[in-house]
Each structure stands twice: as C-alpha cells, then as structure tokens.
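K.L.:
Residue strings, one per chain:
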Amino acid sequence: MTTAAAVEVNARSIRRIALSHKLSRWDVRFSPYLYISPFFLVFAVMGLFPLLYTAWVSVHDWNLIGGQGDFVGLENFVTVLTQGYFWNSLRNTFSIFLLSSIPQIIVALGIAAVLDFNLRGKTFWRMGVLLPYVVAPVAVALIFNDLFGDKYGLINSAIMGLGLEPVRWHVDVIPSHLAIATMVNFRWTGYNALIFLAAMQAVPRDYYEAAIIDGANRWRTFRSITLPLLRPIVIFVILTSTIGGLQIFDEARMFDNVGQGGASRQWQTLTLYIYELGWGQRNFGRASAVAWLLFLIIILIAVINFLITRRIAGTADRKLRVRPKGIS
Amino acid sequence: MKRFPRSTLAVTVAGAASFALVMSGCSAGTGTEQSTGDNVKLTVATFNEFGYDDLFAEYEKANPNVTITHKKAATSNEARDNLTTRLAAGSGLSDVEAIEVDWLPELLQYSDQFVDLASDDVDERWLDWKTEAATDADGRLIAYGTDIGPEAVCYRSDLFAAAGLPTDRAEVAALLGTSWESYYAAGEKFAAGGTNVPWFDSAGATWQGVVNQIPNAYEEEDGTIIATENPEVKEAYTSVLEASTTLSAHLGQWSDDWTASFQNDGFATMLCPGWMLGVISGNAEGVAGWDIADTFPGGGGNWGGSYLTVPEQSKNQAEAQKLASWLTAPEQQLKAFASKGTFPSQLEALESDELLGATNEFFNNAPTGEILANRAAAVDVTPFKGEFYFAINDAMQQALTRVEDGTMTPDESWAQWVTDVEALG
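If you're matching them up, the sequences are chains A and B in order. For what it's worth, my numbering labels the leading residue of the first sequence as 17, then goes sequentially. For what it's worth, my numbering labels the leading residue of the second sequence as 8, then goes sequentially.
These are calculated hints, taken from the structure and not from any lab test. Check the hints yourself; a few may be wrong.
Distance ranges between label pairs, derived from CB positions [claimed, not checked]:
1) PHE140(A) / ASP418(B): 55 to 61 Å
2) ASN203(B) / PHE140(A): 46 to 52 Å
3) ASN134(A) / GLN270(B): 45 to 51 Å
4) GLY126(A) / ASP88(B): 50 to 56 Å
5) THR245(B) / VAL130(A): 57 to 63 Å
6) ARG136(A) / ASN84(B): 44 to 50 Å
7) ASN84(B) / SER53(A): 40 to 46 Å
All figures in this text were calculated on a predicted structure; none of them were measured in a lab. By construction, the Cβ of each residue, glycine as well, lies at the ideal position given by its N, Cα and C atoms.
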C-alpha cells in the first residue's frame with residue numbers, strides 16, 4: 017500500500033521533473049527568439065509589410081486619391097526606366113552622395129584627431145561639432161540658401177566684389193550639387209567626427225607611447241596606429257552614410273522654392289523624383305516603381321560595400337596581429 | 008543627409024488603405040447620429056489667412072449650440088497635402104475644408120467626395136466664373152467661393168520718373184495700354200530711359216497672366232490633352248520669351264533672389280492680383296514708390312482665390328453647409344476683407360461702398376478696392392483647368408525658367424516640355 021503510493025508519488029514527481037526539464041529546455045531554446053521578437057514584429061509591420069505593399073502598388077495603376085486601378089504588370093517600371101529623369105536623378109544622387117560622403121569622412125577624421133588631443137574645454141569642443149546635427153535640415157537649408165543665392169547670395173556678392181563671374185548655383189549642375197553637398201556635410205561631419213572620436217579613445221595609449229619612444233611623429237602615429245585600428249568604425253560610417261547619401265531629400269527639396277530639383281532637374285535626387293511622381297503627378301504606381309528600384313540599388317551598393325569591407329577588415333586583422341610585434 | 012525612409016511612401020499608402028478599411032467600418036452607423044438642436048461641434052480647416060477668426064466667435068454667439076474648432080495650415084501646399092492624404096484615407100477631414108483654385112480641378116474629378124452645396128439662397132451670390140469653376144460635369148456645386156485674385160499692374164513710380172515716364176496712375180494705365188504688345192512696348196520705352204532696371208520680374212509670372220486668358224490652353228473640356236499642339240500656347244510661349252530676353256529680370260517667382268530683389272530695385276512692374284499687394288508691401292518694406300495701375304494687358308485676368316467645401320466625410324453636413332454659406336456671404340466676406348485684405352468674389356460685396364472706398368497706404372494711397380473691383384469686372388475668360396492643368400503648367404514654368412537661365416534655347420526647352428507633358432499620360 018505504502019509502496020504503491022510511493023511509486024505513484026515518485027512517478028508524478030518524475031513527470032513533473034520531466035516537464036520542468038522540457039520547459040527549461042524550451043526556455044533555453046526559444047526565449048532568445050522571444051526576446052528579439054519585438055524588433056522583428058515591429059519590422060514586419062513597419063518595414064516588411066510596406067516594402068511588399070509598395071511592390072504590390074508598383075504593378076498597378078494607382079492614383080493618390082483614386083487608389084488602386086488596373087493591374088499593369090511591369091509597365092510602371094518600363095515607363096520610369098525609359099524616362100530621362102530617372103537616369104538623370106540617379107546621376108544626381110550619386111554625384112551628391114560622392115561629393116558629400118568623401119569630404120565628410122576625411123574632414124570628420126581630421127576633426128576627430130584634433131579633438132583626440134588634450135584640449136582645454138574638451139566637452140565644449142565636442143558639443144560644438146555636434147551642434148549642426150541638432151539643427152533641423154530644413155533650417156540648415158534656409159540658412160544656406162542665403163549663402164547660395166544666384167544674384168543676392170552672400171558668396172556670389174563676395175565673388176562679384178572680387179570682380180569675378182558669379183557662380184550660377186541654381187542653374188549649373190556641379191555648383192548645385194556642391195551647394196547641396198555643403199549643407200549635407202555641415203550637418204553630418206560633426207556627427208561622424210564624434211563617432212570616430214569615440215573609436216579613437218578606445219585605442220590603447222600604450223601603442224602611441226611606444227611609437228613616440230621609437231621616434232614616430234604625430235602624422236606617423238595617426239597613419240600607422242589610429243587609422244588601421246579605426247577601420248571597423250570607418251566601415252560602419254561609410255555604410256551608414258551610403259544608405260543615407262542615396263536617400264538625400266530635404267536639402268535638395270529645400271534648395272529652391274519649387275522643390276523639384278531645378279528647371280532642368282539639375283539636382284533632382286531619386287527621392288525627390290519619387291516625391292514628384294507620387295505627390296506632384298499623384299501617380300503612386302510609378303512612384304512605387306522608383307522606390308523599389310532605389311531599394312534594389314541600395315541593396316546592390318550594400319553588397320558591394322560588404323564585399324569590400326570584408327577584404328579590408330581582413331587586412332586590418334592581419335596588420336593588427338603584426339603591430340604588437342613591431343612595437344615590442 | 009536626411010535618412011528618408013525608403014518605406015515612407017509605402018507606409019503612407021498602407022496606412023491610408025488600412026485607415027480606409029477601419030473607418031468605412033465604423034462610419035456606417037454614425038451618419039444619422041446628429042440631429043438638429045443638439046450641440047454641434049464643427050471643425051474648419053483653412054490656410055494662410057482667411058480673416059475668419061472674429062467671424063467664428065460671432066457665429067458661435069448667434070448659434071449657441073455650435074462650437075467651432077479652427078485648424079489653420081501655414082501654407083496652401085500644406086493644406087493641399089493634408090486634404091489629399093485624408094481624402095485618400097477616407098477620414099480625418101474637417102467639416103469645412105478650404106481649398107485653393109489651383110488644386111480645385113484635381114478635386115473636381117472626385118467631386119462625389121464633396122457635398123453638393125447648391126441651394127437657392129446662394130444662387131447668383133458670386134461672379135459667374137467663380138461658381139462655374141467649382142461646378143462639376145453633373146452640375147453639382149462642390150464649393151462656395153471666398154476670395155478672388157483679379158489682376159492689375161503694380162509699378163514703381165520712382166523708377167518710372169527716373170526713366171522719364173509718367174508716374175500718375177491714370178497716365179501709367181494709358182501708357183501700359185490693354186494689350187500685351189502695348190505692355191511690352193512700354194517696357195522698351197522704359198528700358199530706353201537708362202535706369203538699367205528690368206521691366207518685369209520673370210517670364211513665369213508673365214506667363215501666368217497670358218495663359219489665364221486662353222480658354223482651353225492645355226486640355227479640351229472632355230479631358231483630351233492638347234497642350235503641345237495648341238497654336239495659342241506655342242504663340243504665347245514665343246511671345247513671352249521674346250519679351251523676356253530684353254525685359255525680364257530673370258528671377259524665378261517666389262525664389263529667394265526674387266524676394267531679395269524687392270529691396271534692390273529688381274524690376275519696375277509686375278502683374279499683381281489683389282492678394283499680391285500684401286506680398287509686395289511685405290517684401291518691399293521701406294521702399295517708397297510702389298503704385299498700382301487700373302489696367303491689365305490682354306483684358307482681365309484672375310490669379311488664385313479660394314473656396315470652402317464640405318467633404319462627404321463630415322458627420323454634420325447640414326450644419327457645416329450652413330456655416331460655409333454664412334462665412335461666404337457678402338457681409339462676412341467684407342469683414343474678412345477689412346481685416347486681412349482678401350478680395351471678395353460676391354457680386355453684392357463687389358458693389359459695396361465699403362469695398363469701393365478702400366485705399367492702400369503703401370501703394371501711394373491708391374483706391375485699391377475700386378481698382379480691383381474694376382479688374383474683377385474685366386475678367387471675361389474662364390480658363391478651363393482639367394486634371395492635368397497643374398502638372399502641365401508647372402512643366403511649362405520650368406520650360407520658361409530653362410530659357411531664362413540660359414541652360415536651353417527656346418526650341419530645346421519646348422521639346423523638353425513636350426516630352427514632359429507626354430510623360431504625364
């Protein structure tokens with residue numbers, strides 16, 4: 017009797033233990049997914065669904081107010097790809113992107129290197145370079161438009177004061193890109209500089225001391241120690257500024273009062289083109305087609321970036337392995 | 008670089024679509040909820056300055072059961088974006104929505120989204136062309152007119168004097184004449200005066216004056232696009248650009264340079280609708296010499312003006328219509344004119360002594376009320392504006408700019424414009 021009861025209790029507790037084992041195994045196996053699921057749920061609603069929905073819209077006639085029309089297959093893509101403005105805006109996007117990203121990263125590196133010195137009032141300088149980032153892009157555009165006015169702008173007044181021909185900021189292609197890139201750089205250089213600075217501070221000081229004892233000057237330590245160790249961060253900054261750079265909108269839109277990128281679309285970027293198609297012409301089908309093309313372009317660039325950075329990251333590792341030997 | 012989310016577009020579309028679903032689900036039951044005599048809450052959306060602030064208080068006092076909430080957008084573009092997005096969403100619009108004549112044609116295609124406001128009390132209230140523009144193909148009146156923009160010519164009398172031209176309003180009107188040829192000829196005379204100041208601000212602004220006198224510039228009444236084959240358009244294009252080579256300041260209207268030019272003797276004359284007087288006096292603050300001549304090249308012309316609509320979405324359509332009707336009645340519009348200078352479109356208001364006696368100090372105390380009333384009476388063409396009017400005209404503005412800034416010859420720019428128009432279809 018008692019043994020039977022004991023066996024019964026035993027069996028129950030074994031089952032209980034088995035269950036709790038199972039639960040804890042599930043816990044280990046599945047809870048990580050549960051913990052990261054909010055991001056993916058939000059992404060599915062805010063990212064994936066709109067992405068797929070845009071694809072759906074892009075194969076239809078679709079008016080902003082009228083809504084869904086007939087299914088047209090790839091016609092929107094064909095129409096857009098055969099229009100000169102698409103290729104023109106692609107050129108502008110890349111031109112403005114290169115004109116902004118390259119100088120931006122170089123200057124940001126320089127600023128970070130200077131901030132990395134033992135300056136008086138460190139926080140003041142650091143906050144100072146971040147200040148432009150806090151200013152809304154539209155406000156930046158308003159301020160810079162006073163500088164880049166064709167007739168009464170500050171820069172052209174100065175140029176004409178010197179007796180030179182004024183620059184036609186809103187007429188010629190390259191000057192307009194330069195002007196827009198300047199606004200972008202104004203806003204983002206300080207931001208990138210701070211990211212670089214954070215990475216620089218993480219470089220062990222011993223390396224510098226050793227190098228200085230070996231007679232390396234500042235430039236040499238920057239080139240041979242700081243830069244190689246900064247590579248992962250440089251890659252990160254290049255990646256983010258590529259994604260951002262291919263989607264430049266505010267500065268180009270605010271560059272004149274019409275907001276379409278100039279009378280000959282001198283500075284119309286892809287995002288501006290999307291806006292013109294969707295909200296100007298109210299043709300959501302074509303706008304979505306361009307949105308998808310832009311998405312594919314960004315993926316393409318990201319893949320190229322990834323391949324290049326993998327190589328660079330590899331060389332960085334090798335150099336790092338070599339470095340301590342060289343120093344010691 | 009703003010990180011403009013790739014998916015914004017899709018979010019808008021998706022959001023709009025899901026909203027439409029949700030809202031069509033709930034609105035079914037609420038349509039008849041409001042009966043007369045209950046407390047009524049009305050929302051009114053306007054933009055820029057309609058001059059209605061005091062009027063709302065007055066209306067609430069006369070109708071104690073009505074509470075009005077005013078939503079004011081800073082610019083008409085903002086209001087347009089808001090209206091179209093919410094129209095697409097199927098909910099969220101105010102009970103009374105103000106719209107501008109420029110985007111009225113786009114909305115007329117969706118006239119079933121707006122309440123038919125026609126009624127006996129408002130018959131004959133407005134100038135014919137003001138009402139016609141807001142009437143759809145089935146004869147439904149979807150909007151009540153508020154103000155209009157009858158155009159006159161504003162000029163700098165000090166620059167005229169420097170060039171040896173008459174400065175008195177009546178003499179200037181005679182000098183400018185009533186045709187575009189005489190207006191340009193006066194410009195040549197002015198240029199010969201040696202002031203080195205351009206005659207008008209831009210080809211684009213002058214184009215607005217010319218194109219608004221062509222009944223069917225870009226589209227036939229049935230919607231066929233005729234823009235690129237219309238000889239009238241080509242002729243107007245050629246003549247405006249011909250005049251602009253010697254007479255224009257080549258400033259894009261509304262650009263920063265254009266705004267700055269008011270302080271720098273940028274040009275001597277400009278076509279000015281009533282609402283432009285406020286723009287000029289604002290931009291040219293401290294500059295003496297602006298005046299206004301009671302004439303307009305090529306007959307009369309209207310530029311801009313607004314309307315009030317009641318969207319089908321409104322749950323208080325009857326009350327909203329009552330308020331819109333009251334706001335656009337001559338008495339109220341005169342009060343708005345007195346407070347903010349919006350020029351009335353109501354026949355009775357146009358004849359009132361209050362309007363005709365109004366003067367403008369900045370424009371050398373010109374009798375602006377009387378001049379603009381004359382200009383309104385001179386408008387004899389109602390240009391047809393269809394679905395694509397806004398887009399085609401916009402492309403034309405850029406075509407003119409391309410020639411003015413020297414990036415293209417008139418022929419090249421015309422060819423580009425033709426491509427642009429064809430891409431719209």
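K.L.:
Taking the Cβ atom of PHE140(A) and the Cβ atom of ASP418(B), is their distance within the range 55 to 61 Å?
P.N.:
The hinted range 55 to 61 Å holds for PHE140(A) and ASP418(B), with Cβ atoms some 59 Å apart.
K.L.:
Falls inside 40 to 46 Å, the C-beta gap from ASN84(B) to SER53(A)?
P.N.:
41 Å, holds
K.L.:
Could you say whether the range 50 to 56 Å given as a hint is met by the Cβ separation of GLY126(A) and ASP88(B)?
P.N.:
Taking Cβ atoms as reference, GLY126(A) and ASP88(B) lie about 41 Å apart, which means the hint is violated.
K.L.:
At the C-beta level, are ARG136(A) and ASN84(B) separated by a distance inside 44 to 50 Å?
P.N.:
Distance hint for ARG136(A), ASN84(B) holds at roughly 48 Å.
K.L.:
Within 45 to 51 Å: is that where the Cβ-Cβ distance between ASN134(A) and GLN270(B) falls?
P.N.:
Since ASN134(A) and GLN270(B) have Cβ atoms about 49 Å apart, the given range 45 to 51 Å holds.
K.L.:
ASN203(B) and PHE140(A), beta-carbon distance inside 46 to 52 Å?
P.N.:
With Cβ atoms ~50 Å apart, the hint holds.
K.L.:
Taking the CB of THR245(B) and the CB of VAL130(A), does the distance hold inside 57 to 63 Å?
P.N.:
About 59 Å separates the Cβ atoms of THR245(B) and VAL130(A), which means 57 to 63 Å holds.
The structure fails hint 4 only (numbered hints given earlier).
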